[in-house]
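Asks: The hints should help you fit chain P onto chain C, whose structure is shown.
Chains as they are written, first to last, in my numbering: chain C, 746 to 1014; chain P, 214 to 486.
I should point out that these hints are in silico values taken from the structure, not numbers from a laboratory.
Any given hint could turn out to be false.
[Said to hold, decoys possible] Which bits of chain P does chain C cover? Going by a derived footprint, with three or more residues having C-beta under 8 Å, they are:
no.: 1; region: 250-264
no.: 2; region: 271-283
no.: 3; region: 392-404
no.: 4; region: 417-426
[What the hints assert, rightly or not] Some, not all, of what chain P presents toward chain C, calculated at C-beta under 8 Å:
no.: 5; residue: PRO267
no.: 6; residue: LEU268
no.: 7; residue: MET409
no.: 8; residue: VAL410
no.: 9; residue: PHE414
Glycine included, C-beta positions come from ideal geometry on N, C-alpha and C.
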Amino acid sequence: MTTIPRPAATRHTESLRMLLPQTVIQTRRLLTRWGRDPLTVMQALLFPALLLVMLNAVLGKQVSSFAGADALYGTVPMVSLVGVMSGSLAGAVTLGRERDQGLLSRFWVLPVHRASGLLSRVLAEAVRILVCTLVIFAVGIALGFRFTQGLPAAIALFAIPVLYGLGFATMVTALAVYTAKAALVEFVSLGSSLLMFFSTGFVPLAAYPGWARPIVEHNPLTHAIDTMRGLSLGGPVRDPLLATLAWSLGAIAVFAVPAAIGFRRASRY
Amino acid sequence: MQTTHELASDRAPTVAFLQWWVLARRLIRPAWRTGEIFTALLAPAVFTLGFYVPLNLVMTVYGHGLSSYAQFLMPMIVMQAVAFCAISAAFRAATDARDGLDVRFATLPMPRWVPFAARIAMAAHRAVIAIGAALVCGAVIGFRFYGSWWHTVGFLAFSLLIATALCCGADLLGSMSASPEATTQILVLPQLIFGMVSTGFAPASQFPGWIQGFARNQPVSQFVDGLRALAGDSTGNAGAVDLATLGPGLAWAFGLLVVGGGLSWRHAARRSA
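The following block holds chain C by itself, in its conformation from the complex (with noise of 0.2 Å):
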């Protein structure tokens, strides 16, 4: 009769060495999880594809006429973080139902850094937002979106929706740990949903009737697509850009301790 040796640990493993490897596992266990559930990443990159292909043909034509410039450089960028904010509230539910099925309170027992499953999660986010964009924008330039401003800017412009999409994730992981799940989603969905008709990504800020224009012109969105745009078709980027930095930076310094305290109480639930 043979025994088969127990593993054993020969050294200690939560140690800030071993941080990287473990959010490194951590990370593709997330991401193996999202590629294999065939309806997320429909959701992910199907419908935003769609969106964009049929906002393009339904009104393409009548907004490029209006702005002097083809829409595609607004809806390219819109579209593109309008997946990324529905990508990430889907995590959110994820992160719900990891908890309800007490799979965050296994990961808490093991011998990993208490970092990893905070970091690991930032981490996916990341890629899969990286993801989607390179997907959006691969359907942009087959119905003629171009990078007029070459490579530098190219590169600079993907920086964009992960900055923001990791501010936004931030947001909607402090509230999904302190909230239910049901109106998390209403509630976010319908959000984002105005944050998008109401952005200068949909029609040109001219378009919209005076008691709205305060709201298109501060609308967080409005200030990454328009760094999209300077660094797609050209235009200013300064000014949009430092904007989308406030708002994602800042979202993040506010929602990241909540968001934080919040993990670790959903760990031991």
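Replies: For chain P alone, kept in the frame of chain C given last:
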């Protein structure tokens, strides 16, 4: 003998009607209590705000053929309200199927159409509220009925018919899938394709050539064209109220009602067997 007699009286039409009423109330009352019905009012408002405010000037400058974009967009606001009701109906049907409630109901001494009819009653009730909210939103942005009174009645009746037909189809999908989340996510797809690529937002002539045929002839466009003709317009360009305009839309709606209802009947029969 006594037992058979009682069984027979259980099947009497008045009892079935009472059963239907009880099951319909089971769905309607909590919707009011939890404020779920509030979303039926909110959805048309958000849609109106989201599409009318940004697009009004753009579409007016480009031209849409009617006296105002509010008049042009109104059928789409109604369709959106109706689509929202259909998605709710699918969600409800899928929840009941997932929780095993359908199977429980199938063991009870009542006609097999009763749970289905109760869910449709709830959906129609929600549709009346949503269509009412859509009309209020339309009135706020400047939509008016220009036709005769029976055109207006026709508008309301046609809206309700479309709502019931779509809810029938959605209910069937929900009952068959038994997964509320998957069903509501999948239903975004037809809403996007049929809703966006329709004559509800822009005239078919403004679509790219390859998609014009679809945009002109698909069912949602037929619904929209019918409703637009019934609403009328001060310019007289809304279309004539005749069989050529209303026929295809009515045919789609009745077709969906008959096919959806029939398949639901069969589905219920299979489950209880």
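Asks: Against each hint, give a clear statement of whether it holds in the structure.
Replies: Okay, the hints, checked on the actual structure:
no. : hint    : verdict
1   : 250-264 : holds (count 6)
2   : 271-283 : holds (count 4)
3   : 392-404 : holds (count 6)
4   : 417-426 : holds (count 4)
5   : PRO267  : holds, 4 Å
6   : LEU268  : holds, 7 Å
7   : MET409  : holds, 4 Å
8   : VAL410  : holds, 6 Å
9   : PHE414  : holds, 5 Å
In this structure, none of the earlier numbered hints is contradicted; all agree with it.
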